[in-house]
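Participant: Sequence:
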Amino acid sequence: MKNTSIALTTLSACALAAALLTVPATAAEAAPEQAVYGELARNGTFDTDTANWWGSSGVLVRSVDGALRATVEPAPADQVGQWYRTVVGQNDIRLRPGVTYTLSFDAKASRTTKVKSTVQLGTEPYPTSLANEVGLTTTAQRFSWTFTSTLDSNDGHIDFQVGGQAVRTDVILDNVSLTTSTAREGFYTDPAGTAMRWVQGTTDPRAGKIKAAIADHTTVKWFGNWDADGNAATGIRAEVSDYVGAAAAKGKLPVLVAYNIPGRDCGGASSGGSADADRYKEWIDAFAQGIEGRPAIVVLEPDAVAQSSDPACISGEALEARFDMLWYANQHLRAQGPFVQTYLDGGNATWTLGQDLSGSDGNGGIGLKRMAYLLNRSGVSMARGVSIGVSNFDSTEISNEYGSRLAAQLKADFGVDARWVVDTARNGNGAYVTPGVPSSGHVGFCNPAGRKLGVTSRAGTGGAEYLLWIKNPGDSDGDSAECPAGSPPAGSFSPDLADALIDGR
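In my numbering, the protein residues as written are 421 to 925.
Bear in mind the hints are in silico, worked out from the structure with no lab data behind them. Just so it is clear, CB atoms sit at the ideal spot from N, CA and C, and this is done for glycine as well. Hints may be right or wrong, so weigh each one.
Only pairs whose alpha carbons sit at most 20 Å apart, straight line, appear in this in silico PhoX-like list of lysine-lysine [claimed, not checked]: (1) K872 <-> K629; (2) K631 <-> K872; (3) K831 <-> K789.
Computed spacing ranges between beta-carbons, pair by pair [claimed, not checked]: (4) T568 <-> D923: 39 to 45 Å; (5) R588 <-> A471: 21 to 27 Å; (6) R531 <-> D575: 32 to 38 Å; (7) D469 <-> V500: 28 to 34 Å; (8) D575 <-> G835: 43 to 49 Å.
Construct the entire structure; sequences and hints are all you get.
Facilitator: This is how it looks when you write it as structure tokens:
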């Protein structure tokens with residue numbers, strides 16, 4: 421991926437100006453009201469012939485087999501390789517400075533050749549926010565780049581510079597998309613979340629209440645061995661791509677949880693995961709590829725690091741294999757580029773610091789130094805930071821205290837700069853009535869009474885980078901012996917639990 425705001429120094433202003441002057445005057449007059457969020461390219465699938473697309477002199481633009489075919493005439497010998505002399509594009513794009521965009525398209529040509537793809541201003545000196553050389557073959561390929569706009573204009577262009585061909589060449593374009601996807605547009609709400617599916621399939625009188633309070637704010641999707649075939653790379657890759665793409669089309673930031681580590685939950689209520697390390701690496705690699713470098717937040721493997729401290733759960737070669745898998749996952753998510761923010765799960769304050777929250781080893785918690793060690797062994801240096809309190813109930817204040825101390829420990833011991841996010845889905849009443857006093861109201865982990873929804877997903881406060889609904893409210897923690905009688909299986913949506921979280925009872 422290449423991100424550049426440098427103007428095309430090889431671009432002849434006069435040449436491109438002449439090219440753009442060939443756009444029919446009626447094109448601008450007929451342009452619809454400009455989109456600001458979501459999908460900005462109009463007729464990128466060419467379902468309505470080549471409407472909204474134009475070609476400069478030297479190219480014939482037409483629709484063939486549901487795609488745009490640009491037939492480019494041979495260039496004079498002294499102009500071969502000068503792509504900018506012939507352009508196919510779309511104008512009247514609203515671009516905003518500092519906003520994250522993703523340009524993607526399918527392309528091939530009648531022969532192996534090169535063209536240039538740009539998102540730029542349509543007036544001299546034609547500054548660009550994105551300019552990438554594209555190598556085409558006779559087989560269609562998918563191209564995708566994410567970039568931050570440097571432009572503030574209603575005259576943005578998606579341009580394909582296809583000129584300078586030595587011989588007559590057909591360039592085929594299809595599925596052209598320019599989407600916004602940045603946190604300032606808000607978080608993507610999962611339209612098929614567990615709460616929403618229940619709301620849409622019931623006549624229960626609580627449906628309206630649960631929709632307004634929970635389903636309309638479910639902004640995180642969990643992926644594991646229940647999605648497609650959890651060990652089939654093509655299945656999970658497609659599911660992640662579809663979800664991230666749907667978010668991008670609405671200009672929203674998606675939040676995903678990867679939850680498929682072998683030996684998940686130490687055989688507890690949420691047990692499962694990939695069959696072995698090889699299957700997990702195949703799965704997480706496909707999961708990462710499905711993001712395609714587009715903006716996304718990934719919460720990586722809740723509980724996997726903290727549970728690594730328990731020799732009754734995992735030890736020996738299996739422990740080393742877990743560290744290796746988490747390292748691999750962080751490595752491959754990082755390879756998706758800077759717009760993918762990964763938060764490796766760092767447990768919660770009670771688990772790590774102990775019930776007195778002192779943070780010293782030997783007080784019933786894992787201990788800060790041990791947690792920092794485990795995170796470092798698991799590749800946290802390649803992540804953006806850690807997630808705190810996933811599926812737990814500690815207040816945002818306590819979670820931020822823990823996040824701050826854990827970040828300081830990682831920095832002191834390993835030189836790692838780590839940010840953190842807090843799960844606020846169920847922490848509205850906290851897990852403690854009085855911070856630091858266990859006897860004043862500490863609750864169990866499994867569907868406890870008296871808990872309440874916390875603030876919906878948003879930018880963080882108190883040091884947290886984001887406050888996120890990570891555990892989907894209303895989804896059961898399980899039906900093990902530690903849970904109240906009649907609790908649904910882990911991950912099952914319960915309107916009773918949802919209703920109680922809304923009311924705080």
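Participant: Does the Cβ distance between R588 and A471 fall inside 21 to 27 Å?
Facilitator: 25 Å, holds
Participant: Could one say that the CB atoms of D575 and G835 fall in the range 43 to 49 Å?
Facilitator: Because 46 Å falls inside the window, the suggested range holds.
Participant: Between T568 and D923, does the beta-carbon spacing fit 39 to 45 Å?
Facilitator: Between T568 and D923, where Cβ atoms are some 43 Å apart, the hint holds.
Participant: Just to be careful, I want the Cα atoms of K831 and K789 compared with a cutoff of 20 Å; is the pair within it?
Facilitator: At roughly 11 Å apart (the allowed maximum being 20 Å), K789 and K831 satisfy the hint.
Participant: Falls inside 28 to 34 Å, the C-beta gap from D469 to V500?
Facilitator: Check passed, 31 Å falls within 28 to 34 Å.
Participant: Does K631 pair with K872 here, judged by a C-alpha cut-off of 20 Å?
Facilitator: Holds: K631 and K872 sit about 16 Å apart, inside 20 Å.
Participant: Is the straight-line distance between the alpha-carbon of K872 and that of K629 20 Å or less?
Facilitator: With a Cα-Cα distance of about 15 Å, the restraint between K872 and K629 holds, given a limit of 20 Å.
Participant: Given a hinted range of 32 to 38 Å, is it respected by the beta-carbon distance of R531 and D575?
Facilitator: 33 Å, holds
In this structure, every one of the numbered hints holds.
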